[in-house]
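Asker: Could you slot chain R onto chain Z? The hints should help.
Each chain is listed here by its residues.
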Amino acid sequence: MQERDMPKADLVTSIVLIAFAVGVVWMSIEMPRLEHRNINPWTVPGLVPGILGVIIGFLGLILLFRSIKQKGYALELTGEKFITWVKKPASKRLWLTVLLTLAYAWGLIGRVPYLLATFLFIFAFIIIFEYNRGENKKKKVKRVVIAFITAGLAAGIVSAVFRYAFLVRLP
Amino acid sequence: MIEGLSMFMEALVGFFKPMTIFNVLWATQLGIIVGMLPGLTATMGIALLTTLTFKMAASDAVLILICMYVGAIYGGSRSAILLNIPGTPANAATALDGHPLARSGNAGRAIGIGTTGSFLGSIIGLFCLAIFTPIIGNFALNFQSFEFFTLAIFGVVICGNLTAPKDPLKGWISGFLGLFVAMIGMEGIHAYVRFSFGSVDLAGGIDLIPAMVGVFGFSEIISVMKNEKLEVIKTEITRVIPRFKEVILHWKTIIRSGIIGVFIGAIPGVGEDIAAWVSYDFAKNASKEPEKYGKGSYEGLISAETGNNAACGGTIIPVLSLAIPGSAPAAVLLAAMFIHNVRPGPLIMLENPEFVFQTVAMVLLATIGMFILGLSMVRWLVKVLEVPREKLMPIVFVLCVIGAYAIHSRRFEISVMVVFGLIGFIMKEMDYPVAPMVLGIILGDILDKNLRRAMVISEGNIFMLFTRPISLVIFLLTVLTIVSKMRWFRGTWVAVKSAVIGVITEKKMKEKIEEKRKDTD
Chain Z
-19 MQERDMPKAD LVTSIVLIAF AVGVVWMSIE MPRLEHRNIN PWTVPGLVPG
31 ILGVIIGFLG LILLFRSIKQ KGYALELTGE KFITWVKKPA SKRLWLTVLL
81 TLAYAWGLIG RVPYLLATFL FIFAFIIIFE YNRGENKKKK VKRVVIAFIT
131 AGLAAGIVSA VFRYAFLVRL P
Chain R
12 MIEGLSMFME ALVGFFKPMT IFNVLWATQL GIIVGMLPGL TATMGIALLT
62 TLTFKMAASD AVLILICMYV GAIYGGSRSA ILLNIPGTPA NAATALDGHP
112 LARSGNAGRA IGIGTTGSFL GSIIGLFCLA IFTPIIGNFA LNFQSFEFFT
162 LAIFGVVICG NLTAPKDPLK GWISGFLGLF VAMIGMEGIH AYVRFSFGSV
212 DLAGGIDLIP AMVGVFGFSE IISVMKNEKL EVIKTEITRV IPRFKEVILH
262 WKTIIRSGII GVFIGAIPGV GEDIAAWVSY DFAKNASKEP EKYGKGSYEG
312 LISAETGNNA ACGGTIIPVL SLAIPGSAPA AVLLAAMFIH NVRPGPLIML
362 ENPEFVFQTV AMVLLATIGM FILGLSMVRW LVKVLEVPRE KLMPIVFVLC
412 VIGAYAIHSR RFEISVMVVF GLIGFIMKEM DYPVAPMVLG IILGDILDKN
462 LRRAMVISEG NIFMLFTRPI SLVIFLLTVL TIVSKMRWFR GTWVAVKSAV
512 IGVITEKKMK EKIEEKRKDT D
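If you read the sequences in order, they're chains Z and R. This note's numbering applies: residue -19 is where the first sequence begins, and numbers increase by one. This note's numbering applies: residue 12 is where the second sequence begins, and numbers increase by one.
Some clues are possibly wrong.
Derived pair list, reagent style BS3-like, types lysine-lysine, alpha-carbon separation capped at 30 Å [to be verified]:
{"no.": "1", "chain 1": "R", "residue 1": "K256", "chain 2": "R", "residue 2": "K299"}
{"no.": "2", "chain 1": "Z", "residue 1": "K122", "chain 2": "Z", "residue 2": "K72"}
{"no.": "3", "chain 1": "R", "residue 1": "K402", "chain 2": "Z", "residue 2": "K51"}
{"no.": "4", "chain 1": "Z", "residue 1": "K72", "chain 2": "R", "residue 2": "K237"}
{"no.": "5", "chain 1": "Z", "residue 1": "K119", "chain 2": "R", "residue 2": "K299"}
{"no.": "6", "chain 1": "R", "residue 1": "K529", "chain 2": "R", "residue 2": "K496"}
{"no.": "7", "chain 1": "R", "residue 1": "K394", "chain 2": "Z", "residue 2": "K117"}
{"no.": "8", "chain 1": "Z", "residue 1": "K120", "chain 2": "Z", "residue 2": "K72"}
{"no.": "9", "chain 1": "R", "residue 1": "K299", "chain 2": "R", "residue 2": "K263"}
{"no.": "10", "chain 1": "R", "residue 1": "K299", "chain 2": "Z", "residue 2": "K122"}
{"no.": "11", "chain 1": "R", "residue 1": "K263", "chain 2": "Z", "residue 2": "K122"}
{"no.": "12", "chain 1": "R", "residue 1": "K237", "chain 2": "Z", "residue 2": "K67"}
{"no.": "13", "chain 1": "R", "residue 1": "K237", "chain 2": "Z", "residue 2": "K117"}
{"no.": "14", "chain 1": "Z", "residue 1": "K120", "chain 2": "R", "residue 2": "K237"}
{"no.": "15", "chain 1": "Z", "residue 1": "K51", "chain 2": "Z", "residue 2": "K120"}
{"no.": "16", "chain 1": "R", "residue 1": "K295", "chain 2": "Z", "residue 2": "K61"}
{"no.": "17", "chain 1": "R", "residue 1": "K394", "chain 2": "Z", "residue 2": "K(-12)"}
Far from chain Z, by Cβ distances over 10 Å, these chain R residues were calculated [to be verified]:
{"no.": "18", "residue": "I32"}
{"no.": "19", "residue": "G116"}
{"no.": "20", "residue": "I232"}
{"no.": "21", "residue": "K527"}
Think of the hints as simulated: they come from the structure by calculation, not from any bench. Since the structure is predicted, the reported quantities are computational estimates derived from the model, not experimental observations. For each residue, glycine too, the CB sits at the ideal point set by N, CA and C.
Just chain Z, same shape as in the assembly (with noise of 0.2 Å):
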């Protein structure tokens, strides 16, 4: 992130801590002080989760002066912006390596069995991150090759040391 949007961040980073500071404080006084059971008043459980969200809330009071401050407020939001970020090579590289871990995190592991899920996941994810549109097709076959070898060999040994070595039920 570039310095001068760094108070532009800080501004709803500081909105989203109070709001979640406040929910740490509803919560704690919420909870059961255990007068039943006849503990010791000072033992209640919501009383350090009570005390860190007034810290956390007083922290992000102090993040949102300061952003007002160097008029972190002026958010400039537009689509064109937006647009512009999503374009650029390092925010495309950023999404597809975030949706693919989560599709094989969230997705496949457990749905499928983990050897064929870990071979697809390192296979589309070295094809997808080496595909080159300008290269000739022999180089494009080679490239297919060697994600294929790389991923059945990745996939094989992880399987196999944690299954036999390490004795993991694997998921």
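Answerer: Relative to chain Z, chain R alone:
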């Protein structure tokens, strides 16, 4: 002292078995490779190895993790020198002088000097570990609830201060959020489940290792893939083993950086990267050739590398004596010790003093392994840096997933890893340090239990904190740490300093004028 030495010798002799030496060699080599590769950090390496060494005996497992730790902190210097990208955050200062040296064709010499600096730093670290752990451990026996409560707050505050020197507010926010994360799940006094929203998984709390694999592993993968590709500079690596004269020339820098490294390392949560920067800064200020710093100074390189590896020993001091980690990798080491039923903390010098000296022997073995492996196979290992990130990163992510899953065999831990990875990435993008958050997760339980116990003991009188000397000192240090970052304080401090210096200079000037007058008379 003699007893400690004999326990150390006994531990060292006990480790001289072929299997142990084999473990030292592979774990250190793996550590060097993990450290070398940008995107793989020491913390992640230790966290993943914790899951792999889960079923081993405690001493073997901890030895392997320490080898990984020492190896990775050193290994990061390779990519710092050859790529200008530190393999681990601890090697950021190394890149400043290491890379210009590599560019000028001195890559081999730079690697050799860096390795020697790391070795000597690690040796200083292990001496301090052996000397100070028993002293602090015995002193910590005086700690009670108020002391542990203030220590937990101090840890988070100082960690926030030092890991975010430009904006400590963000460091503190990160630390207090970490403390809050530790509140999730069943609390330790009345077994009441907090902030679980009916989820059975959340009722068990957030496990440290999956959270750390996410924060230090997954978030790094996203960062590496987002950033531009790195180019390895083509340079011929000639002589690596440094000459004795080249090293002894910098003896003052080595000792100074070693001591600074240990001291910074021992401060809760601060870590090897800050140790390297502070060592580098001190070396530059004391140097006869400060203008060479940043352009290829061997002195600068050796100061950073000595500082970060000395910090490894330093970070283990509070782990063993207080059960509070000095850095993120040390935090995983602490968690691994608990997994293996070793209970570090103030009672260790009463319950298990042998383990302290066993740890010193482990650091020594790791240091020797790092030195030998660091000076050999250099040309071959450089090829590892040429593995494209598109092939490496998905495999690393697969290891993050299975590593997080392996501890409890629950898919919930995979989700924890993913969520903390995304949080860690966003935090880094917005200049929030993640180390205070991790420290907060560890210290949260200590803070929670000890504050409530202290309130019971004092019958709700929080002011009792000021009547106990140790807690009062820690409290004042915490206040000073916060206040020292405030503009008005810094302004007053500068004014007072210049006034005092001004008075002294004025006095000296008057004395000189007086002397001159006497001479002319």
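Asker: Look at each hint and say if it fits the structure.
Answerer: Results for each hint:
1. For the hint linking K256 of chain R to K299 of chain R, the alpha-carbon distance of about 18 Å falls within 30 Å, and the restraint holds.
2. Of the pairs offered as hints, the one joining K122 of chain Z and K72 of chain Z holds, with about 25 Å between alpha carbons and a cut-off of 30 Å not exceeded.
3. Taken as a hint, the K402 of chain R and K51 of chain Z pair is broken in the structure, with Cα atoms around 43 Å apart against an allowance of 30 Å.
4. Distance check on the hinted pair: K72 of chain Z and K237 of chain R sit about 8 Å apart at the alpha-carbon level, within 30 Å; holds.
5. At roughly 55 Å between alpha-carbon atoms, K119 of chain Z and K299 of chain R are farther apart than 30 Å, so this suggested pair is violated.
6. Of the pairs offered as hints, the one joining K529 of chain R and K496 of chain R is violated, with about 48 Å between alpha carbons and a cut-off of 30 Å exceeded.
7. Among the hinted pairs, K394 of chain R with K117 of chain Z is consistent with the structure: their alpha-carbon atoms are about 28 Å apart, no more than 30 Å.
8. Proximity of K120 of chain Z to K72 of chain Z is assessed by CA-CA distance (about 21 Å); at most 30 Å being required, the pair is judged to hold.
9. As the CA atoms of K299 of chain R and K263 of chain R are separated by approximately 12 Å, the hinted pair is consistent with the 30 Å bound.
10. Taken as a hint, the K299 of chain R and K122 of chain Z pair is broken in the structure, with Cα atoms around 56 Å apart against an allowance of 30 Å.
11. The suggested pairing of K263 of chain R with K122 of chain Z is violated, with an alpha-carbon distance near 55 Å, which exceeds 30 Å.
12. Of the supplied pair hints, the one linking K237 of chain R and K67 of chain Z holds, its CA atoms being roughly 13 Å apart against a limit of 30 Å.
13. Our distance criterion of 30 Å between C-alpha atoms is met by K237 of chain R and K117 of chain Z, whose separation comes to about 27 Å.
14. Under the criterion of a C-alpha separation no larger than 30 Å, the hint pairing K120 of chain Z with K237 of chain R is consistent with the structure, at around 23 Å.
15. This hinted pair does not check out: K51 of chain Z and K120 of chain Z have alpha carbons roughly 50 Å apart, beyond 30 Å.
16. A threshold of 30 Å between alpha carbons decides the hint, and for K295 of chain R with K61 of chain Z the separation of about 43 Å lies outside it, so the pair is violated.
17. For the hint pairing K394 of chain R with K(-12) of chain Z, the CA-to-CA distance comes to about 43 Å; that exceeds 30 Å, so the pair is violated.
18. Here I32 of chain R stays apart from chain Z, with its beta-carbon at least about 20 Å from theirs, past the 10 Å limit.
19. With a least beta-carbon separation of about 32 Å from chain Z, G116 of chain R lies farther than 10 Å from that chain, consistent with its non-interface assignment.
20. Non-interface status of I232 of chain R relative to chain Z is broken: a Cβ of that chain comes within 10 Å, the nearest being about 7 Å off.
21. Taking the minimum C-beta to C-beta distance to chain Z, about 53 Å, the non-interface status of K527 of chain R holds against the 10 Å cut.
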